[in-house]
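**Q** All chains, please: the whole structure from these sequences, using the hints.
Protein chains: 2
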Amino acid sequence: MQDQTVGRRRGRASGGGAARRAERTATGVETARFITRNIPDYEVLTEEAIETIEWNAETVLEEIGVNFVNNPAALERWRQAGADVSGERVRIPRGLARKLIATAPGEFVQHARNPERSVTIGGRNLVLAPVYGPPFVRDLDGGRRYATIQDFRNFVKLGHMSKWLHHSGGTVCEPTDVAVNKRHLDMIEAHATLTDKPFMGSVTEPGRARDSVEMCELIFGKEFVQGNCVLTSLININSPLTFDDTMMGALEVYAAAGQACIVSPFIVGGAMAPVTVAGTLTQVLAESLAGCAYTQLVRPGAPVIMGAFVTSIDMNSGAPTFGTPEAAQITYGAGQLARRLGLPYRSAGAFNGAKLPDAQAAYETANTLQTGLLSGVNFMLHACGWLEGGLVSSYEKFVMDADQLGALHRMAAGVSADETAQAMDAIREVGPGGHYLGCAHTQANFKSAFWRSEVFDYKPYETWSEDGGQDTATLASARVRKLLDAYTPPPIDPGIAESLRDYVARKKDAEPDAFA
Amino acid sequence: MQDQTVGRRRGRASGGGAARRAERTATGVETARFITRNIPDYEVLTEEAIETIEWNAETVLEEIGVNFVNNPAALERWRQAGADVSGERVRIPRGLARKLIATAPGEFVQHARNPERSVTIGGRNLVLAPVYGPPFVRDLDGGRRYATIQDFRNFVKLGHMSKWLHHSGGTVCEPTDVAVNKRHLDMIEAHATLTDKPFMGSVTEPGRARDSVEMCELIFGKEFVQGNCVLTSLININSPLTFDDTMMGALEVYAAAGQACIVSPFIVGGAMAPVTVAGTLTQVLAESLAGCAYTQLVRPGAPVIMGAFVTSIDMNSGAPTFGTPEAAQITYGAGQLARRLGLPYRSAGAFNGAKLPDAQAAYETANTLQTGLLSGVNFMLHACGWLEGGLVSSYEKFVMDADQLGALHRMAAGVSADETAQAMDAIREVGPGGHYLGCAHTQANFKSAFWRSEVFDYKPYETWSEDGGQDTATLASARVRKLLDAYTPPPIDPGIAESLRDYVARKKDAEPDAFA
Chain A
-19 MQDQTVGRRR GRASGGGAAR RAERTATGVE TARFITRNIP DYEVLTEEAI ETIEWNAETV
41 LEEIGVNFVN NPAALERWRQ AGADVSGERV RIPRGLARKL IATAPGEFVQ HARNPERSVT
101 IGGRNLVLAP VYGPPFVRDL DGGRRYATIQ DFRNFVKLGH MSKWLHHSGG TVCEPTDVAV
161 NKRHLDMIEA HATLTDKPFM GSVTEPGRAR DSVEMCELIF GKEFVQGNCV LTSLININSP
221 LTFDDTMMGA LEVYAAAGQA CIVSPFIVGG AMAPVTVAGT LTQVLAESLA GCAYTQLVRP
281 GAPVIMGAFV TSIDMNSGAP TFGTPEAAQI TYGAGQLARR LGLPYRSAGA FNGAKLPDAQ
341 AAYETANTLQ TGLLSGVNFM LHACGWLEGG LVSSYEKFVM DADQLGALHR MAAGVSADET
401 AQAMDAIREV GPGGHYLGCA HTQANFKSAF WRSEVFDYKP YETWSEDGGQ DTATLASARV
461 RKLLDAYTPP PIDPGIAESL RDYVARKKDA EPDAFA
Chain B
-19 MQDQTVGRRR GRASGGGAAR RAERTATGVE TARFITRNIP DYEVLTEEAI ETIEWNAETV
41 LEEIGVNFVN NPAALERWRQ AGADVSGERV RIPRGLARKL IATAPGEFVQ HARNPERSVT
101 IGGRNLVLAP VYGPPFVRDL DGGRRYATIQ DFRNFVKLGH MSKWLHHSGG TVCEPTDVAV
161 NKRHLDMIEA HATLTDKPFM GSVTEPGRAR DSVEMCELIF GKEFVQGNCV LTSLININSP
221 LTFDDTMMGA LEVYAAAGQA CIVSPFIVGG AMAPVTVAGT LTQVLAESLA GCAYTQLVRP
281 GAPVIMGAFV TSIDMNSGAP TFGTPEAAQI TYGAGQLARR LGLPYRSAGA FNGAKLPDAQ
341 AAYETANTLQ TGLLSGVNFM LHACGWLEGG LVSSYEKFVM DADQLGALHR MAAGVSADET
401 AQAMDAIREV GPGGHYLGCA HTQANFKSAF WRSEVFDYKP YETWSEDGGQ DTATLASARV
461 RKLLDAYTPP PIDPGIAESL RDYVARKKDA EPDAFA
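For the record, the sequence lines run as chains A and B.
Residue numbers -19 to 496, in the numbering used here, belong to the letters of the first sequence in order.
Residue numbers -19 to 496, in the numbering used here, belong to the letters of the second sequence in order.
By construction, these hints were calculated from the structure, which means they are not laboratory data.
Careful: at least some of the hints might be erroneous.
Note that the list lumps identical chains together, so a pair holds whenever it fits in one copy or between two copies.
Pairs of lysine to aspartate or glutamate, EDC-like flavour, derived with a Cα cap of 20 Å [stated by the list, open to error]:
1. Lys427 to Asp294
2. Lys143 to Glu434
3. Lys137 to Glu197
**A** Quick look at the structure:
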């Protein structure tokens, strides 16, 4: 319903929507619908283990509590809700946080300016969004370097061109050449104009969160934004058990505006949480309970996503490690806990600690993507492009990972056992010793039968060798160029584009540049 | 019990077993126990889909049947068992094959000459064995070339040195410089002397299967071999629905000797089976039912493993593709079918179609290894070293994959929720805003807390860069050299070693070289 409203509004304003859609199809920009899983979730925790962890998390909240730093309003909200507040420490009676969370929706729509690209977050769904946060970029030609706004726009374009990405994400890289206090304006403008997929808001300062909401009001209309989710934002918890005022300030802006927060513990196990899976899950749940409940204290019913960014540590070097079995167990376990809370779940991504888009990068990434799919993740940030422990957005890895996301779609569709799928006529036709390539069933079904990579090499050895013997990163580099060359912006109401431009210019003029 | 018997026998014969074990430990050759899963299996097929596939597979056997080619004895066995035999076509009444399979063990021990390295195949266990069959090898220095017996021995040594491999496998590469009719002798001798892990027998000719059994009689004693499994062998079905006389000849030798056969449909979906998952599973099950039942006609109670080597096809190029979602669905589904048959299950491996040990190789491999672990595979052939669709045994990929197998062990151990794992004291000690690195719980548990790669790079970017900015394949190449340099042969009774040498020499002298 609301989708249609937005669609009509845009349709009226921009005129030739159908023609532009045709053009979009012509240039091959097609986006898959978000995944709706037709496969079961994988569960590593026994019922007994879950109950132990849930009991312990409530014990942590009740006995140890959490700190809300430099935030008297938050402390007052907690006090009024029945928590025991002492200094900045908030001790939450057993059961209170879970009760508060009951007002949060189990699934909700995040609207895109193109209603065909709106996504439903929660339930059996999985929405895929790109890498978030790296200060560096890397590509085959230019190596590793600080990211610029030009890189940022390139990654938004690549995301727009990627069939399997449903969401444009947020800080696809840090545009370090733009002032810290102004870059959010350029980032939101890029997401709002270079793609028509949904995107994320700024969280680095409450004022920047407000700017994000205001820019959405220019796109969707103020009234629409008040009643609908148009932004998802990443609110990291300062683990262990600490909620700082910057992140909480942003959370308060978004929750009050009815916009979605991903409340995420940010944990390198062994450093910000215990060295055990069960201990880490206990802390993750305690922090999530407190943070998600807090959104409901700000505005009951505000959409909130339980996040878990958790990885292990190399105890030799102190480096965070990715794609490890412990990280997988935590991801599976946190999914079980989120479902019992009735909240959408954010975790996993194309995680790896490799310096190059090489085999390490791919092993670690594939391990994590598989885990993300089977653990019931609803919102997967960092689903493509992540390199070097999140320090680098990699152009090549972006398209390599985005390609693998296609495989997740197919896997999630599950196994049909209808008459066509049973293929008994084919087995009868071919018989012992025969060949299926030419049979009627194969001819009728082969086009959609198998997922196919658009990056990997499927040539015979000799052909591959004659073609230069290129590795995956080199093939991916060519695909990056091809996609960026083929990019055409999606249609946008010229009035909206201009109002965004004006807003950014006005805001940028209003204060001096800050670079820290 | 039987393990101990072998142990005593060896102990008496070889004298200083303890001293040699100490030496082995000193050189760091340690082998993990085979995996016993403490995590659930993942199931993609609904109960209804399973029943449809099972019904259809029996329909295939009853109405279409299977061919046993050039094998009158097999046809006679089937006739006496109650099948409808017409020409070479065997039509098996609904339920007969499943009934025959009931005499096969659900799990069994394959003995190694070092009883500490015997493995239990079936049940909740997972035994890992290396790549099988490639005519080529590849390494960073020498590129791609035909495999030799020297390569073969190198791969056996690498397998021996790999902590996470439980099994030495079979044709780790084809020693193409040895006559076709004699290379099995060199291969068995290498497995029997260069490692003390269990290994596989030859299947390329029934006589070579007999040689394999006879060589094991020299190692274990004739009486022991008659009553115990000391060989596992790979019997491929010529899909669709065809059992050729060479493979069946080998199967008959092994089954009659009470040795284990892996009866494996060999399917590129769309070519040797329908283009659908359910259709392929139907054919896999029909072929497995017929092939596994046949082992029980040869010798009731003979150990047999239901295999499924199934991958998808690139319909553009006709190339087999690996690590795809359809292959994963088939692997999960076949696991469900195997468990309902009560048979050990063989599938998955380090599958990929890449030409180099690069990102494609790793994505596809990781996808398949994860699937193999969660699908309940009991015997994973090709668990490391596979490259280029099985045409190449890669030195670097061997150690890269073998490293990942360590992660499978950890994942399979499941999640503890005992008091140490709960870590409530640690959470209390550290509190909000603290740090876990120095706390008592971390100090007590960090050594065993997290799995750690022995191949991947965990250094800070600057250090990695100063060290030459090496990619994973380069790091793996160094590890290959390190392992081969550190290799020392496991102790062996000199009398056994000599009897094997004599057997090989005698057999080689007995007939001229054949090269096809």
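**Q** Compare the structure with each hint and give your call.
**A** Each hint tested on the structure:
no. : hint             : verdict
1   : Lys427 to Asp294 : between (45 Å within a copy, 10 Å between copies)
2   : Lys143 to Glu434 : within (11 Å within a copy, 36 Å between copies)
3   : Lys137 to Glu197 : neither (23 Å within a copy, 66 Å between copies)
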